[in-house]
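Asker: In case you want the letters, here they are:
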Amino acid sequence: MRSYIIRRILMLIPVLIGISLCIFLIMQLIPGDVISGLLGIEENPELRAQYVIKFGLDQPLPKRYIDWITNVLKGDFGTSFRTDKEIFPEMMSRFKITFQLTIMAAMISWIIAIPLGIISALKRNTWVDAVVRFIALLGVSVPNFAFATLLILFLSLKFQYYPPVGYVGFFENAKVNLQIMILPAIVLGTIMSGSVMRMTRSSVLEVLRQDFIKTIRAKGASERVVIFVHALRNGLIPIITLIGMQIGGLLGGTVITEQIFSIPGLGQMVLTAINQRDYPVVQGCILFIAFIYVMVNLIVDILYTYVDPRITYK
Amino acid sequence: MKNIIEILKGIINIIKQLLKDPIGRIGFIGVFIIVLLSIFAPKIAPYDITEMFTKSKLVSPNGEFIFGTDNFGRDVFSRIIYGAKVSLQVGIISVGISATFGYIFGIVAGYFEGVVDSIIMRFMDVLFAFPSILLALFIVSVLGPSLGNTMIAIGIVNTPVFTRTVRASVISVKSMEYITSAKSIGLKPINIILKHITPNILAPFTVQATLALSGAILTEASLSFLGLGIQPPDPSWGSMLSESRKYMERAPWLAIAPAVFIICTILSFNILGDSLRDVLDPKLKL
Amino acid sequence: MENILEVKNLNIDLITEKGNKKLIDNVSFNVGKKQSYGIVGESGCGKSITALAVMQLLSFPLKTSGGEINFHSEKESVNILSLKKNEIRKIRGKEISMIFQEPMTALDPIFTIERQIIEALKFHTDLNKKDMSDMALQMLKKVGIPRAEEILKEYPHQLSGGMLQRIMIAIALICKPKLLIADEPTTALDVTIQAQILDLMNELKTSFDTSIIMITHDLGVIAETCEKVAVFYAGQIVEETDVVTLFHNTAHPYTSGLLKAVTSLGDKSKNLFTIPGMVPAGGHMPKGCRFEERCNKKMKICKDKSPELIEIADGHKCRCWLYAESGDN
Numbered sequence: 001m002r003s004y005i006i007r008r009i010l011m012l013i014p015v016l017i018g019i020s021l022c023i024f025l026i027m028q029l030i031p032g033d034v035i036s037g038l039l040g041i042e043e044n045p046e047l048r049a050q051y052v053i054k055f056g057l058d059q060p061l062p063k064r065y066i067d068w069i070t071n072v073l074k075g076d077f078g079t080s081f082r083t084d085k086e087i088f089p090e091m092m093s094r095f096k097i098t099f100q101l102t103i104m105a106a107m108i109s110w111i112i113a114i115p116l117g118i119i120s121a122l123k124r125n126t127w128v129d130a131v132v133r134f135i136a137l138l139g140v141s142v143p144n145f146a147f148a149t150l151l152i153l154f155l156s157l158k159f160q161y162y163p164p165v166g167y168v169g170f171f172e173n174a175k176v177n178l179q180i181m182i183l184p185a186i187v188l189g190t191i192m193s194g195s196v197m198r199m200t201r202s203s204v205l206e207v208l209r210q211d212f213i214k215t216i217r218a219k220g221a222s223e224r225v226v227i228f229v230h231a232l233r234n235g236l237i238p239i240i241t242l243i244g245m246q247i248g249g250l251l252g253g254t255v256i257t258e259q260i261f262s263i264p265g266l267g268q269m270v271l272t273a274i275n276q277r278d279y280p281v282v283q284g285c286i287l288f289i290a291f292i293y294v295m296v297n298l299i300v301d302i303l304y305t306y307v308d309p310r311i312t313y314k
Numbered sequence: 001m002k003n004i005i006e007i008l009k010g011i012i013n014i015i016k017q018l019l020k021d022p023i024g025r026i027g028f029i030g031v032f033i034i035v036l037l038s039i040f041a042p043k044i045a046p047y048d049i050t051e052m053f054t055k056s057k058l059v060s061p062n063g064e065f066i067f068g069t070d071n072f073g074r075d076v077f078s079r080i081i082y083g084a085k086v087s088l089q090v091g092i093i094s095v096g097i098s099a100t101f102g103y104i105f106g107i108v109a110g111y112f113e114g115v116v117d118s119i120i121m122r123f124m125d126v127l128f129a130f131p132s133i134l135l136a137l138f139i140v141s142v143l144g145p146s147l148g149n150t151m152i153a154i155g156i157v158n159t160p161v162f163t164r165t166v167r168a169s170v171i172s173v174k175s176m177e178y179i180t181s182a183k184s185i186g187l188k189p190i191n192i193i194l195k196h197i198t199p200n201i202l203a204p205f206t207v208q209a210t211l212a213l214s215g216a217i218l219t220e221a222s223l224s225f226l227g228l229g230i231q232p233p234d235p236s237w238g239s240m241l242s243e244s245r246k247y248m249e250r251a252p253w254l255a256i257a258p259a260v261f262i263i264c265t266i267l268s269f270n271i272l273g274d275s276l277r278d279v280l281d282p283k284l285k286l
Numbered sequence: 001m002e003n004i005l006e007v008k009n010l011n012i013d014l015i016t017e018k019g020n021k022k023l024i025d026n027v028s029f030n031v032g033k034k035q036s037y038g039i040v041g042e043s044g045c046g047k048s049i050t051a052l053a054v055m056q057l058l059s060f061p062l063k064t065s066g067g068e069i070n071f072h073s074e075k076e077s078v079n080i081l082s083l084k085k086n087e088i089r090k091i092r093g094k095e096i097s098m099i100f101q102e103p104m105t106a107l108d109p110i111f112t113i114e115r116q117i118i119e120a121l122k123f124h125t126d127l128n129k130k131d132m133s134d135m136a137l138q139m140l141k142k143v144g145i146p147r148a149e150e151i152l153k154e155y156p157h158q159l160s161g162g163m164l165q166r167i168m169i170a171i172a173l174i175c176k177p178k179l180l181i182a183d184e185p186t187t188a189l190d191v192t193i194q195a196q197i198l199d200l201m202n203e204l205k206t207s208f209d210t211s212i213i214m215i216t217h218d219l220g221v222i223a224e225t226c227e228k229v230a231v232f233y234a235g236q237i238v239e240e241t242d243v244v245t246l247f248h249n250t251a252h253p254y255t256s257g258l259l260k261a262v263t264s265l266g267d268k269s270k271n272l273f274t275i276p277g278m279v280p281a282g283g284h285m286p287k288g289c290r291f292e293e294r295c296n297k298k299m300k301i302c303k304d305k306s307p308e309l310i311e312i313a314d315g316h317k318c319r320c321w322l323y324a325e326s327g328d329n
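Chains as they are written, first to last, in our numbering: chain H, 1 to 314; chain D, 1 to 286; chain L, 1 to 329.
Be aware that one or more of the hints could be misleading.
[As the list claims (entries may be wrong)] In silico BS3-like pairs for lysine-lysine, Cα to Cα no more than 30 angstroms straight-line: (1) L:33 <-> H:214; (2) L:153 <-> H:214; (3) H:214 <-> L:85; (4) L:90 <-> L:129.
FYI, nobody ran anything at the bench for these hints, they're computed from the structure. Please read all numbers here as calculations on a predicted model, not as lab measurements.
Construct the complete structure from the given sequences, taking the supplied hints into account.
Answerer: This is the structure we're talking about:
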């Protein structure tokens with residue numbers, strides 16, 4: 001088990017190097033030069049020279065990459081073009097907000113998706129199944145921004161309900177915080193639940209077709225045991241991968257939902273930086289998000305070995 | 001000529017099978033309508049999409065403007081129709097980009113294996129290691145927001161999926177007996193692979209492409225919603241929906257029309273993709 | 001001899017879009033207490049689904065459409081087909097157990113062997129965890145598993161097919177059932193292992209006082225384990241008798257064919273004997289004898305009229321016009 005985990009972690013190193021290299025190289029494709037954007041219309045040679053030295057633009061590419069990575073490894077992601085503030089602390093504080101949102105969304109998604117997926121599998125080819133499958137298909141097809149917009153529209157027109165404006169941290173005022181977070185969490189959770197429902201259904205059906213289910217029934221198991229102990233635990237294995245990918249995606253990818261609901265998370269930070277052409281922030285955030293994504297997938301792979309005893313020995 | 005007729009026959013046969021299933025019928029008809037809308041957009045749209053009726057701004061749906069007008073007094077229905085054209089265009093071209101690169105990389109990786117394969121596949125792993133919308137956002141932000149760059153970004157994001165599909169088929173075809181026997185009589189395997197690979201990957205490729213199309217349309221709408229995709233005055237459902245939020249209570253039709261069209265379009269492509277998979281690859285059907 | 005199981009006029013249908021097809025047609029047989037009863041036939045003849053019906057384990061698109069399956073336990077006699085779901089559950093694993101053809105896929109891959117043995121005890125007893133573990137260990141030793149303590153903690157994928165089949169037997173016997181149904185228990189195993197498993201079953205049958213229904217396509221297995229045999233063909237019993245009579249006084253041409261196919265194996269000078277033709281498919285049964293097309297002793301009547309299963313000697317039943325007065329005469 002331990003050697004497997006170590007091997008998986010070692011395998012990450014080349015991927016992480018690849019990711020950072022990829023981000024670094026793509027950043028070099030920015031048309032025009034970054035400093036002209038910073039300076040605005042007025043050309044000031046002195047200021048330009050200062051910036052060149054400040055950002056190390058006079059150095060050759062490989063050196064700049066290595067400097068960047070060494071600093072990142074020390075936890076130094078540089079400073080923002082716009083605010084001159086350190087990027088890393090800002091990123092961490094915003095990550096906490098995104099993390100809370102992700103957890104809430106994931107909970108909502110599981111509560112909806114897993115029971116419905118199981119029901120759909122058990123009632124295969126009935127109207128219940130048809131309804132659940134259609135809901136799942138909607139979940140897969142409705143873009144989160146469309147759902148969010150329609151939800152806000154519906155709540156305001158029908159109930160004159162508007163979520164509180166202005167973000168409040170969970171530890172400052174949990175009630176207001178939850179009021180702010182619940183709508184985006186519902187949006188993300190509902191959308192996520194579509195694919196989880198589909199996966200749960202097909203996965204449970206697949207397990208129920210296996211030979212060993214007959215053995216378990218032949219032992220005298222009740223349907224409850226067959227489904228909740230055996231079908232679900234076996235069926236969970238592929239669902240875990242999907243959920244892992246979704247959580248990994250949400251932790252960095254809630255850009256649109258955070259934007260719509262004015263949640264100051266990581267996604268909003270990236271978007272603001274992109275709109276302001278604040279390149280160090282963009283570069284740092286994208287690297288951080290990709291890192292999180294890869295780490296979540298690693299955790300999922302390790303979790304796998306606990307759920308599926310066959311993995312460790314492969 | 002004979003081959004083309006064969007292929008056409010095959011396509012008609014698949015469509016026939018699709019239409020047998022009521023769900024497949026819905027998906028097929030939905031996609032068909034969207035394709036018609038985008039091809040005949042200039043004929044169907046009652047007004048020019050940039051024409052501003054300054055006296056009728058934010059008019060609710062009526063006989064004259066069936067989906068109402070926006071804050072500039074432009075006809076929402078016409079913009080929705082042209083939006084279909086833009087969506088489909090971005091979808092098809094970006095999936096074309098992914099499919100082409102995926103095909104080339106997949107063949108090369110699967111054929112040579114070894115170092116070349118490792119390099120290509122590790123690169124695909126790296127692309128896979130980003131959440132897809134974020135990667136698209138990143139590429140667009142670097143290249144600058146525009147129609148073309150949106151297509152390129154979405155094309156890059158979807159390439160790894162196609163590469164993996166093609167590579168897997170190449171490797172399985174390579175191990176088949178006729179490749180070995182062809183080698184033994186001195187034929188170059190690459191020709192045989194190219195000849196045999198295409199029919200082999202056609203089914204998974206088509207399914208993949210349909211689903212990738214819905215994904216591409218969704219990503220385009222998302223980017224446009226954030227203001228980083230299609231730029232005004234070109235109409236995009238995503239940006240229309242984003243704009244509508246400013247007039248949410250005064251003019252809810254501005255939000256509803258594009259939202260409904262995005263949802264129905266993606267839904268149709270997903271249904272079609274699912275049904276196609278059932279028809280082309282019955283093994284996967286549950 | 002007292003019977004433990006009486007199957008009467010059992011019918012099993014396959015439900016299709018174009019209507020139901022009859023796969024098992026009025027099958028009746030009795031299994032005596034402590035008896036080994038063999039069911040032999042080609043694949044697709046309906047022997048496995050008959051076994052599943054005894055456990056009420058048929059699932060869509062298969063269903064029983066008539067008949068009775070009476071089971072006589074110590075306490076009571078019940079018709080299995082009329083039992084409700086929670087009633088049959090008390091019989092499965094406790095009174096009647098079953099082992100399957102593919103030991104490699106018959107166990108849940110993500111639970112330990114111990115948990116899967118204990119599971120059967122959990123459903124049918126109130127023992128505590130410690131006692132159940134002890135029983136599992138004892139049972140593994142009885143089925144001849146080396147280093148049983150370690151094996152208990154292992155997972156199915158770590159063990160060989162032969163070992164897994166022993167474990168399946170352990171699971172099946174842990175609640176001391178009155179009847180054990182073995183559905184091709186040795187088919188998926190290596191030849192050397194096959195003999196070991198059959199020996200083990202013979203041995204356990206005596207020590208557990210269990211009746212066995214042995215389902216197989218292999219007459220060798222029948223010869224080694226069974227006392228009484230039914231030969232199935234296309235969803236019907238064509239011959240039923242004790243094992244000695246079956247081999248030495250074969251009545252039905254189909255049984256003779258099966259026997260020839262086995263005995264010709266040893267003789268290199270001859271070609272392998274095969275029965276020509278195919279089993280008729282369910283739902284497309286001929287109006288006459290179902291074996292008529294492949295039979296080397298067919299007569300005129302065989303094509304027109306289906307023979308009945310009749311007693312041709314004491315305890316020897318056969319379904320063939322060779323032994324019957326035709327209805328016309």
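Asker: Decide, hint by hint, whether the structure agrees.
Answerer: Status of the hints after comparison with the structure:
Distance hint between residue 33 of chain L and residue 214 of chain H is fulfilled; the C-alpha atoms sit about 26 angstroms from each other, no more than 30 angstroms. For the proposed pair residue 153 of chain L and residue 214 of chain H, the alpha carbon gap of about 23 angstroms is at most 30 angstroms, so the pair holds. Only pairs whose Cα atoms come within 30 angstroms are accepted, and residue 214 of chain H paired with residue 85 of chain L is accepted, the gap being roughly 15 angstroms. Proposed proximity of residue 90 of chain L and residue 129 of chain L is supported: the alpha carbons are some 20 angstroms apart, at most 30 angstroms.
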